[in-house]
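Trainee: One letter stands for each residue in the lines below.
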Amino acid sequence: DQQVKQNSPSLSVQEGRISILNCDYTNSMFDYFLWYKKYPAEGPTFLISISSIKDKNEDGRFTVFLNKSAKHLSLHIVPSQPGDSAVYFCAASETGANNLFFGTGTRLTVIP
Amino acid sequence: EAGVTQFPSHSVIEKGQTVTLRCDPISGHDNLYWYRRVMGKEIKFLLHFVKESKQDESGMPNNRFLAERTGGTYSTLKVQPAELEDSGVYFCASSRVGGVWGYTFGSGTRLTVV
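Protein chains in written order, with our numbering: chain A, 1 to 112; chain B, 113 to 226.
Derived by calculation from the structure, the hints in this document are not laboratory data. Heads up, the beta-carbon is just placed ideally off N, CA and C, and yes, glycines get one too. Hints may be right or wrong, so weigh each one.
Taking beta-carbon pairs under 10 Å as the criterion, some of the chain A residues facing chain B (in silico) [as the list claims (entries may be wrong)]: (1) I18; (2) K38; (3) G43.
From just these sequences and the hints, can you work out the full model?
Mentor: Below, the structure is given as structure tokens:
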């Protein structure tokens, strides 16, 4: 039933190292993928996205990789900073849709 | 510009009672969405308004949930009667154009049904 899965509920990383957050999806019709970041008591905020015509998109310290054949995407944060500590949600959508399918989130803790 | 405002931020009600959640979108945003996150689970789509019209309500769990957006401005989500499984965080989001780009989420209403 769940079409977007984030199998790691939590991840701890030392400051300055790389954080890798993973996401898998089952619906082959998904062609847009987004990552959201959420701090406590706040709503999710958009971080970075990728379309299925690409396999990589980079924005500063954040890079998203898409492997369509494996139905897998990952978010790389390098170098990780304590302010990156938050819950990260992977989300997906189809062309023309107005709603997003989210994963369960991964809580990232960056240790100073 | 002001962000998406939701209130109350927290609500604790007894099973069987009624609760109304409110969302004020960003001014000028015709598209308004409701999502819900049950504890530890994924954030799930509930419905989508374009102005005052319900564009897609496929995610509404059952007829105990009623969403309105009179006049195409703020929206309310009423749960009546509330059940224990309705507990969770209800997020509202708005966007100027349709599609999944440009969502701005509110900080959510945490609903606890006891």
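Trainee: If you test the structure against every hint from before, which numbers come out violated?
Mentor: 1
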